[in-house]
Every structure is written in structure tokens, then in C-alpha cells.
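K.L.:
All chains should be built: construct the whole structure from the sequences, respecting the hints.
Residue strings, one per chain:
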Amino acid sequence: MEKQYETVIGLEVHVELATKTKIFCGCSTAFGGAPNTHTCPVCTGMPGTLPVLNGQVLEYAVAVGLATNCSITRYCKFDRKNYFYPDNPQNYQISQLYLPICRNGHVDIETEGGVKSIGIHEIHMEEDAGKLIHDEWEDVSLVDYNRSGVPLIEIVSEPDMRNAQEVIAYLEKLRMTIQYLGASDCKLNEGSMRADVNLSVREVGSTELGTRTEMKNLNSFRAITRAITGERERQIELLERGESVVQETRRWDDAREVSYAMRSKEDAQDYRYFPDPDLVPIQLDDAFIERVRAGQPEFREEKMERYRREFDIPDYDTRIITGSKHMADLFEATVELCHQPKKVSNWLMGETLRLLKEREMDPEDIRFTPAHFAKLIDLTERKVINTTVAKEVFEEMFDRDVDPEGYVEDKGLKMVGDGNALRKTVEEVIAANPQSVADYRGGKEKAIGFLVGQTMKAMKGKADPASVNQLLKELL
Amino acid sequence: MAHVIDDETIEYVGILAKLELSEEEREQAKKDMGSMLDYIDKLGELDTTDIEPMSHVFPVQNVFREDVVTSGDMREQMLANAPQEKDGMFVVPKTFEG
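Chains as they are written, first to last, in the numbering used here: chain A, 3 to 478; chain B, 1017 to 1114.
These aren't lab readings, by the way, just hints derived from the structure by calculation. Beta carbons: idealized from backbone N, C-alpha and C, even for Gly. It cannot be assumed that every hint is accurate.
As the list claims (entries may be wrong) - Derived SDA-like pairs: lysine to any residue, alpha-carbon spacing no greater than 20 Å straight-line: (1) A/459 <-> A/475; (2) A/133 <-> B/1103; (3) B/1102 <-> A/140; (4) B/1110 <-> A/85; (5) A/22 <-> B/1034; (6) A/464 <-> A/340; (7) A/133 <-> B/1038; (8) B/1034 <-> A/49.
What the hints assert, rightly or not - Label-pair distances were calculated between CB atoms; the ranges are: (9) B/1049 <-> A/49: 22 to 28 Å; (10) A/228 <-> B/1093: 42 to 48 Å; (11) B/1072 <-> A/351: 52 to 58 Å; (12) A/110 <-> B/1072: 34 to 40 Å; (13) B/1031 <-> A/235: 32 to 38 Å; (14) A/136 <-> B/1039: 35 to 41 Å; (15) B/1040 <-> A/205: 54 to 60 Å; (16) B/1103 <-> A/110: 45 to 51 Å; (17) B/1089 <-> A/113: 45 to 51 Å; (18) A/141 <-> B/1061: 51 to 57 Å.
P.N.:
What follows is the structure, given as C-alpha cells:
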């Protein structure tokens, strides 16, 4: 019988924290600045400089730890991880090896296989490295240190996952939790969330772990899924041929769907960690931890529960809305203003999702305000504008956050509420379309649709189709 | 000297530290490292029962910064130390992934 293999996966997830400044200096963390404009002697590793920990980094790290059921290390410190690479000007990365800030946590994930708990081995704080750019004209590399010193937390899971589906569910769970905390925007494609996959295979039934490899450069859930399938197959093939898996770091090339070993033998993986003498230890007391705990938001599961109790909207809507902290905030703030949960939800499920997809945007990128959103709903409810016009206004609001009231006023989009004007137009349409009138009177119900259309056209879209319909029936 | 550093070890440490040593320097370094380890052994002779491991020499803890931007664009000064610069970036020997 053919051997059956089981995949064993653990993840190392790096998350860039949403602080205004770097972890050890007062440089901005803003994304996209001109190269090296967010640098100073500290984050470029100049001799004699003194790094000082950004207190917000500690708070975010503890907040993520509490949200993932970790125990918080009361006495913790930083260590130096020594290696030479031009993206790291100090020749060491400040990280935590011996006493990471959070340990022994877990999160529950839900897949087709049911609910499963994934262990979190530890979470530690560290600094990001600079960015290397290959020069197109000369045989050199260029370094931009804007990212050097941007705060990261690294979340190390236990090897508890068995397939890509569980990995994605785990990442989604982490992303959602961290976004809800406001600790990071967690964008895989922009690198504010980066996942390295540690994978090994073993025969089903075996309790010993096989030799693992670490896969880097995974920038999307799709790439992660494909890399897992590819690496599982590669390792099984090696074992079937009687060869063994080499413990190494591999880089995934998503375009070619292959991975290759990253480091050569000369690059010894010996980081010679030691306590960083520049940074003093951290001693956390109960008051600090309780303060961070008190600041924990209502997370997705609790929010979904509350929506089910408070709002009469479909479960599907609840899932989509709470799937983004920003969308949930927008929903709640708008409902607060207009008291129409169903309408707000409909606009989010319909036009908002459509435009997000069309513009290739994330829900976190929605810019319009609850005040404007509520006004738009109010305008349609009061039948100041009809549905077609409302969609047009919504799109303007979505793209430019225009004030719907002002926009409708400026563009003259209000429905003509004046009964006489509408009646006059309907009469004109009836007079001008004797054939349709005859068809309708002859029993062709559908003919009225044409007459409604003609009336709307004559009114330049500014009439309520239902009223037009009613008036036509009345006059015919 | 109790500790003898062999050629293999000094070679390995040299690779890690990115140092190229002459024959003479290697011999000197072997001797120096040996005596350093001997010294550390001496510390090991002390009775440290009931003494908490220490990771820092100052009796100071919890020194934090506010999350407020305090430095502006210092690119010119930072690049002033670079042996070579281009397009506002540091020029380094070509690095490659893989």
C-alpha cells in the first residue's frame, strides 16, 4: 500500500505595528517617503547612539498577547541577533530571544473540519530592516533605511496546523484580531503582515516531527496555499526517492510556482544572541496589564453576537460587516445616526462591496463618513431622490466623500414632488404614445413599463417610478 | 592555559565576524580567546546559589519614549557618512536573494 503523509505546519508571522514612530527612535514610520528621509543616527546604526523603547510598541504587543490568550512576561528584555547584511546597518537586529513579551497563547480557528485551537508559542518585539533595491544600471545594490527600526511583533505558532485551509483560517483570525485592536493594518500585499511557513511531512500515525523547511516571500493567501501544496509535494518526493529533507530556508517564486534554497553554506546560522546593553529591562506590573486589558475592544465574535441580538439583518451581512473593523465601525456609527440597520446593511452589501471590488480596494480603505452615509439614506427614505439617482450620489460619496445633500442640491437631482408637473408630463406621454396606450388597454400589462420609462426620461430621472406607475394607471 | 582554541574554531569565528586574519593574527587571537575563556571559568568558581541572573548592570528599568515624531528629514547628514551614494540611497556591493 502507498504511504500516507501528513503535513505539519507552524507559522512565523511578522506584523508591522501602527505606531507613528519607530521602535527605538523618533523617526516617522509613514509609508512611501522618499528614500532615507525617515532616518536618524539611531536607525542607521551610527556608533554611540542610544535606542529608547517606544512605549506604544510595548502596549500593542501586550494587547495582542492578551487577545491571543498569552501569558505576559512580567520581566522582559531585548537581545541582539548578530548578522551581517546591508539591510541591517547595526550588524545586529534588536529582538527578544530569552524573555519574549508574550508566551503560551492560543487562538481558535474555524474550518470545514470544525473548531480547532492553534497554539501560540511566543510573541516578541523586534525592529524591521531596511530595504535593498537592485540598481538597474550598475552592478550594485542601493539601501533605503526608512523601514529600518519600524516596530514589528513576531508571532510564533506551535506546529499545530495540518493544511493550507487551517493556515489561512489562522492568519485571518490573527489579522482580524490585530485590526480590531488597531495595532496594525495587516496588509499582506504591502508587507505589514508577513508569514513564513515552517513545513514538514511525516507518515500518518507517526508522532515524531519530520525535518522542516522555512518558506519565505509569501505575499498573498493564494501564494501561501500554493507554496504549501508545492512544498508538501517536494518533500514527499524526496522521501519516496529515499532521500532526506534538508533543514533550510527557501524562497517561494509565485510566478513560477517553485521554491529554491536561499542561503549558502558559507552563511552560518549562528546569531550569537546576547542581552542588549543599551536597553534597560522592562518590569510590568498588574496595573499596566489591567489597563491594557481594559482597553481591549469588542472582538468579532462578540460583535456578531450583539448584531444578532440588536439588528434585524441577515447573518451573512453580519459576517461580512464584522469581517472588517472599519466597516463595522462605519455600520454602527451610521445606524446610530439614521436608525435604519437594514438599509445601512443593504448599501454596504450592495453598492459598497461592488465599488470596493471594482476599485480593487479593501474595506479598510473606505473614506466616506457615517454622517454623509446617513444623509444619503435619509434622502432616499424621504423620497427626495429615487434609487437610480441615489446610486449615482453614492458613487460620488464613495469616491470623494461628497455631502449627498449638497450634491443633490447642486446637480438638481431632487425628485419632482410637485404633483401637477408630474401629472402634466404623464398626460403628455400618454398623448404621444397612442400605440402603447392601446396595448395596455388591450391587456398588455407590460406596455405600462414603456410609458413609465418615457415619463422618467421626460422628467430627466427625477421622479419616483412608483408614483409614475400609479399615476399612469390612474389616468389610463 | 586550560582552554585551547583549535584552528577550526578560530576559522569559524573569523567567518562569523567577517574577519580575515593573517597567520600571526590567528595565533594571537587563539591565545587571547583561550585566556578569556579561562577568565570566565574563574567566575564559574564563585558560589552563585540564590543569586538572580543579571542581564543589565544599571539599577534602572522601564525607560520609554512617547510615540511622537521628534526627528525630521536628516537624509543629507546620514548620507554624508556613506562612502558612496546614489539617488538618495547608500550604495553597497550587489546583494542577491538566493
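K.L.:
Each hint should be assessed against the structure and marked as holding or not.
P.N.:
Structure-based check of each hint:
no., hint, verdict
1, A/459 <-> A/475, "holds (18 Å)"
2, A/133 <-> B/1103, "holds (14 Å)"
3, B/1102 <-> A/140, "holds (11 Å)"
4, B/1110 <-> A/85, "holds (17 Å)"
5, A/22 <-> B/1034, "violated (36 Å)"
6, A/464 <-> A/340, "violated (24 Å)"
7, A/133 <-> B/1038, "violated (35 Å)"
8, B/1034 <-> A/49, "holds (18 Å)"
9, B/1049 <-> A/49: 22 to 28 Å, "holds (24 Å)"
10, A/228 <-> B/1093: 42 to 48 Å, "holds (45 Å)"
11, B/1072 <-> A/351: 52 to 58 Å, "holds (55 Å)"
12, A/110 <-> B/1072: 34 to 40 Å, "holds (38 Å)"
13, B/1031 <-> A/235: 32 to 38 Å, "holds (35 Å)"
14, A/136 <-> B/1039: 35 to 41 Å, "holds (38 Å)"
15, B/1040 <-> A/205: 54 to 60 Å, "holds (55 Å)"
16, B/1103 <-> A/110: 45 to 51 Å, "holds (48 Å)"
17, B/1089 <-> A/113: 45 to 51 Å, "holds (48 Å)"
18, A/141 <-> B/1061: 51 to 57 Å, "holds (55 Å)"
Checked against the numbered hints given earlier, this structure breaks hints 5, 6 and 7; the rest are met.
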